[in-house]
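Protein chains: 2
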Amino acid sequence: MIKYLELRNFPVKELRPLASARSAGKGISFRGEEIVVQEAVPEAFAGVDIALFSAGGSISEKLAPEAVSRGAVVIDNTNAFRMNPDVPLVVPEVNREAIYEHKGIIANPNCSTIQMVVALKPLYDHYGIERIIVSTYQSVSGAGWQATEELREQSRAVLNDEEVNANILPVGKLSKHYQMAFNVIPQIDVAQENGFTLEEMKMVRETKKIFNDESIGVTATCVRVPVMRGHSESVYVELKSDYELSEVRELLKRAPGVIVQDAIEEQVYPMPIDAEDRTEVFVGRIRRDLTHPRAVNLWVVSDNLLKGAATNAIQIAEALVSEEK
Amino acid sequence: MIKYLELRNFPVKELRPLASARSAGKGISFRGEEIVVQEAVPEAFAGVDIALFSAGGSISEKLAPEAVSRGAVVIDNTNAFRMNPDVPLVVPEVNREAIYEHKGIIANPNCSTIQMVVALKPLYDHYGIERIIVSTYQSVSGAGWQATEELREQSRAVLNDEEVNANILPVGKLSKHYQMAFNVIPQIDVAQENGFTLEEMKMVRETKKIFNDESIGVTATCVRVPVMRGHSESVYVELKSDYELSEVRELLKRAPGVIVQDAIEEQVYPMPIDAEDRTEVFVGRIRRDLTHPRAVNLWVVSDNLLKGAATNAIQIAEALVSEEK
Chain A
1 MIKYLELRNF PVKELRPLAS ARSAGKGISF RGEEIVVQEA VPEAFAGVDI
51 ALFSAGGSIS EKLAPEAVSR GAVVIDNTNA FRMNPDVPLV VPEVNREAIY
101 EHKGIIANPN CSTIQMVVAL KPLYDHYGIE RIIVSTYQSV SGAGWQATEE
151 LREQSRAVLN DEEVNANILP VGKLSKHYQM AFNVIPQIDV AQENGFTLEE
201 MKMVRETKKI FNDESIGVTA TCVRVPVMRG HSESVYVELK SDYELSEVRE
251 LLKRAPGVIV QDAIEEQVYP MPIDAEDRTE VFVGRIRRDL THPRAVNLWV
301 VSDNLLKGAA TNAIQIAEAL VSEEK
Chain B
1 MIKYLELRNF PVKELRPLAS ARSAGKGISF RGEEIVVQEA VPEAFAGVDI
51 ALFSAGGSIS EKLAPEAVSR GAVVIDNTNA FRMNPDVPLV VPEVNREAIY
101 EHKGIIANPN CSTIQMVVAL KPLYDHYGIE RIIVSTYQSV SGAGWQATEE
151 LREQSRAVLN DEEVNANILP VGKLSKHYQM AFNVIPQIDV AQENGFTLEE
201 MKMVRETKKI FNDESIGVTA TCVRVPVMRG HSESVYVELK SDYELSEVRE
251 LLKRAPGVIV QDAIEEQVYP MPIDAEDRTE VFVGRIRRDL THPRAVNLWV
301 VSDNLLKGAA TNAIQIAEAL VSEEK
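Going down the list, the protein sequences come from chains A and B. Going by the UniProt record's numbering, the residue at position 116 of the first sequence is 116; the numbering climbs one at a time, nothing skipped. Going by the UniProt record's numbering, the residue at position 42 of the second sequence is 42; the numbering climbs one at a time, nothing skipped.
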């Protein structure tokens, strides 16, 4: 996020990096200057206009209200407030207007939801959406840099015929950990009572909230694949009215934040290695469904660390600032 | 296949390994004996009862009729005859009876189709199937051992920060090749006119043919993931009648060739590393769809080299032999 504040020339008067007591005192670099990290105590938020939170749900729950009570607007990148009815859940390309209904906290959606709703927004506006069936191919960086490091270590071990250690994936805090290298794990986040995982239910609930439409049906299967960075999604979308494929392609091409890479006959389609370090959502494999006359299939890829997290948070901040002007 | 003929104690009187002129003269081991490979010329099929073909579609097209004219029954593992109306396409757990309608050639279906239909068979019989929406996570061994070797080489190169070479995937004979290591490629086999790939259309057409039911709707998205061995599939199934989830689980548990691994709350689900060297189809993540009252979601994993190829071919041969007895 700090890198993107800098890259996008965000109007920062003062950057105040906050972290745990353990990291306080360390330096970070911003616009060529060295800034000392302070401890994230309630008082540290005095005088802050916009507070960007990304240190886990429990930290947000504890400190976001403290920041708000000191006058800051919090943009929270965790799951803590996303489904709170008083907290707007925002993807600027989709529901920018919701930002201005905030009561101090604005939530950044889950990475896998963000890229999907950006791709679906033009179809929702033009045809309406009946339901969505999505299967994801999610990279390990969504589970933190330690998970990325573990994938590297495990891959090296497999290639060298050495013992493979698994301590993080699929869910750090659960008891069982599985090899991710050269494997696929159909679990992201903890199990829910209905047999879905929390990640899957995030996609279900957040999509409805962002479109402000409880009538959209969503079913998700969230799967971790041995990719460092970039989430991919196979999305089946049942529209409310008939469509022409050429029109769908045209709508997507004109949609903000979307890049269409769609020419299977020339082997052109989005892939996570190509999406790395890009802030857009890439859409390809656009094709008429074979089982339903109003359904279309899409392949959606984006950098989960950028549009799926940092970029979206900064875009919310930009919208906030432009409104306040 | 030779290994499985041995392991399953198939009644082989004489094994006659045939290959290209280049491989003729080499030795292979069978039941502790060394057998010399002969050149696959038409005359080599004289006296053969069952001919197992697995050397690519063009070889099958040329030599299968030669084998048949010499009295052999051909079990073909390529795409050459699968959709030929005179050729049964067989997965013994699903349509064993079709074997006996052969006119000399029996086709082994595509790996991604086989594991799916084995899992769907009990649901088809009990409820009927309206339509299927499947997204696959296919391992590189489906593209041959060279692709597996390339994934190893590329992975090593990425980990060592060296240049990555891509010469095989996604489709050897096409002009563009992409990095598979730590990436996901949404193309398996060549593009078709409707925007789907041939692999996707194989799943569509073969499923209908195996169930002998053109009314089943199938849409597939076939994706290659950096896994050595074992295909995974996220399958949405719309049934023709209402169902109880407990009954679906029970039907799957009793289905031949199926092992249910389904307890997300205990982190139990199928994964490709666990399916390696197993001949069964593993099913988990069984859950009620959130968007359709008659739909169920499944996660289906199997070893694409075994049940997806060799094991299924030998099972067909076993059925043939048991009939002939």
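Please keep in mind that the hints were generated in silico from the structure rather than gathered at the bench. Glycine is no exception: its CB is placed at the ideal position from the N, C-alpha and C atoms. Hints are supplied without guarantee of correctness; some may be wrong.
Now the stretches of chain A that chain B is said to cover, found in silico as 3 or more residues with beta-carbon under 8 Å [claimed, not checked]:
no.	segment
1	11 to 23
2	64 to 74
3	130 to 139
Covered stretches of chain B (in silico footprint by chain A; criterion: 3 or more residues with CB under 8 Å from a CB of chain A, positions within the stretch not fixed) [stated by the list, open to error]:
no.	segment
4	120 to 128
5	303 to 314
If you only want the chain B side, here are some residues facing chain A, beta carbon under 7 Å, derived [stated by the list, open to error]:
no.	residue
6	Ala-46
7	Val-48
8	Ile-50
9	Leu-159
10	Glu-162
11	Asn-165
12	Lys-176
13	His-177
14	Arg-285
15	Arg-294
Against the structure, the hints:
Evaluation of the coverage hint for the segment 11 to 23 of chain A: breached, as 0 residues show C-beta separations to chain B shorter than 8 Å, against a requirement of three. Closer than 8 Å: that is the beta-carbon criterion, and the segment 64 to 74 of chain A has 0 residues meeting it against chain B, so the requirement of 3 is violated. Using a Cβ-Cβ cut-off of 8 Å, 5 residues of the segment 130 to 139 of chain A lie near chain B, which meets the minimum of three, so the contact claim holds. Figure legend: the segment 120 to 128 of chain B, annotated as covered by chain A; annotation inconsistent (0 residues with Cβ-Cβ distances under 8 Å, at least 3 required).
Only when three residues or more bring their CB closer than 8 Å to a CB of chain A does the claim for the segment 303 to 314 of chain B stand; here the count is 0, and the claim is violated. Hint status for Ala-46 of chain B relative to chain A: violated, with the closest Cβ pair at about 44 Å, above 7 Å. For Val-48 of chain B, the shortest C-beta to C-beta distance to chain A is roughly 38 Å, which exceeds 7 Å, and the interface hint is violated. Given the 7 Å rule on beta carbons, the hint for Ile-50 of chain B is violated: about 35 Å separates it from the nearest Cβ of chain A.
Here the hint on Leu-159 of chain B is kept, as its CB sits about 6 Å from the closest CB of chain A, short of 7 Å. The criterion of a C-beta within 7 Å of any C-beta in chain A is not met by Glu-162 of chain B, whose closest approach is roughly 13 Å, and the hint is violated. Proximity of Asn-165 of chain B to chain A is violated relative to the hint, the smallest CB-CB distance being about 14 Å (cut-off 7 Å). Below 7 Å, beta-carbon pairs count as interface contacts, and Lys-176 of chain B has one with chain A at about 4 Å; its hint therefore holds.
Because the smallest distance between the Cβ of His-177 of chain B and any Cβ of chain A comes to about 9 Å, over 7 Å, the interface hint for this residue is violated. Using the Cβ-Cβ criterion of 7 Å, the hint placing Arg-285 of chain B at the interface with chain A is satisfied: the shortest such distance is roughly 5 Å. For Arg-294 of chain B, the interface hint is violated, since its Cβ never comes within 7 Å of a Cβ in chain A; the closest pair sits about 13 Å apart.
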